[in-house]
Every structure is written in C-alpha cells, then in structure tokens.
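What follows is each chain in one-letter form.
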Amino acid sequence: EDKVVQSPLSLVVHEGDTVTLNCSYEVTNFRSLLWYKQEKKAPTFLFMLTSSGIEKKSGRLSSILDKKELFSILNITATQTGDSAVYLCAVSRVGSGNTGKLIFGQGTTLQVKP
Amino acid sequence: EAQVTQNPRYLITVTGKKLTVTCSQNMNHEYMSWYRQDPGLGLRQIYYSMNVEVTDKGDVPEGYKVSRKEKRNFPLILESPSPNQTSLYFCASSLLVSGSGFSYNEQFFGPGTRLTVL
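Protein chains in written order, with the working numbering: chain V, 34 to 147; chain L, 574 to 691.
So that you can see chain V by itself, here it is in the shape it has in the complex:
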C-alpha cells in the first residue's frame, strides 16, 4: 500500500531557529513529491521535486529529494512566527489511471514562538 510518512508530527521552536521537516514515502511508480504549507485555510504550494539531489529554494525555505532512500526534507532557516503552519508532504505517481492523485502524509505542525 502506498504511504507517505512525515516526522516529526509537531514541533515548537523559537524565532531564528532552523528547522528540518522530514517526509519518507513508499509509493509505486513515483512521479514527484510536493510540499504544501497550510495555515488555517487551503494548502498553498511550496515546492515540487522530481529529481534527486537538486535543491529547490525559495527565500528561507529549501527542499531536496533523495529517490534512492525515498525521502525528502524541507528546511526553514531563521524561522519567523509567520512560518507557523502545518506542512504537508504529498507524492504523485506516473502511469495510467488516477495520475492526478496526491498521496498525503499526516502533516507536521510547526509552531514558532517569538
């Protein structure tokens, strides 16, 4: 059965800290891994990763994928209170059928204290 597991499930840090969120997966016919940020509303897209070892960056956020070890990390440096959110990891598959389906992890709840 396909699954995506995130860790930790929750995390509390102080402003300025650096955090690393983990996402491991067991999915047949892997296509891409996506990170979303969810504040009390709809998930908003952060990154999509399809190739191993290529870091994607956006400001203080960065992410990398390891397709051999089947995991991805999301790093946030110099955290701010506005980074407080649930971070979702999702995986998509190649092939016929429901290729648009995203398989989500449980999410990591990050709280950044002032």
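Worth flagging that the hints you see were computed from the coordinates, not collected in a lab. From the three backbone atoms N, C-alpha and C, an ideal C-beta is built for every residue, glycine too. Among the hints, a few may not be true.
As the list claims (entries may be wrong) - Below, a sample of chain L positions facing chain V; criterion: calculated Cβ distance under 8 angstroms: (1) TYR604; (2) GLN618; (3) TYR621; (4) GLU652; (5) PRO656; (6) LEU669; (7) GLN680; (8) GLY683; (9) GLY685.
Following the hints, put chain L in place on chain V, whose structure we already have.
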C-alpha cells in the same frame, strides 16, 4: 485571478438531509478532486475527475457522489449525511498532460468547507 472556489465555507446540518458543496475553477484544468481532512489522517481523496463526464472513486468514496457536467464545476453531493462525514473538505484542480500518462501535479486548492453533521 486564478482560483478554486467552494461554497458554502461552513455548514452545520443534520443527519440525512441531502446537501451539495459546490466547487468551481477558472483555470481550465482537466483534473479535479475532492479531499477530506481529518485530524491525524491527513488529506484523503474522496472522488476525482480526469475530465468532463469522467469521474472515479478515490480512497474514501462511501457516502459521497460527484458529477462533472462542465469542465469548471465539480460538485460534491452527500445524499444522506452522517456524523462520520463531519470534516474539512477541499476541492482541488490541476492540469493533466494527456497521452503519456504523466501529470503536472501542482494542485490548486479551494478555501475549504467545514461541514458538521449532527
């Protein structure tokens, strides 16, 4: 503005009273999907649609129906809601690249509908 809209945003209803949650996107996306989000379980797919008149079950379809008569709209229907359908519902859409089976999966999510069934 490119967006996915859902209505209503909040709904409290009673067991057995049929309801419909609407979803509309203005990005000409082929793929549309409904998810429910429950604490500790993440987002789980209810139904999806690859294009007009093409719909299929996701992981948790029981108690739900959908239709896709127009490309932009994908309503979720609960014929006889029950308390275990109390949840946060998201509609999402994305482009699909046809032929090869590959898909571009940056899915855009609607704002969510918080449903309570008493």
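Practice task
Compare the structure with the hints numbered earlier in the document and write down the numbers of the violated ones, lowest to highest.
Solution key: Those not satisfied are hints 4 and 5.
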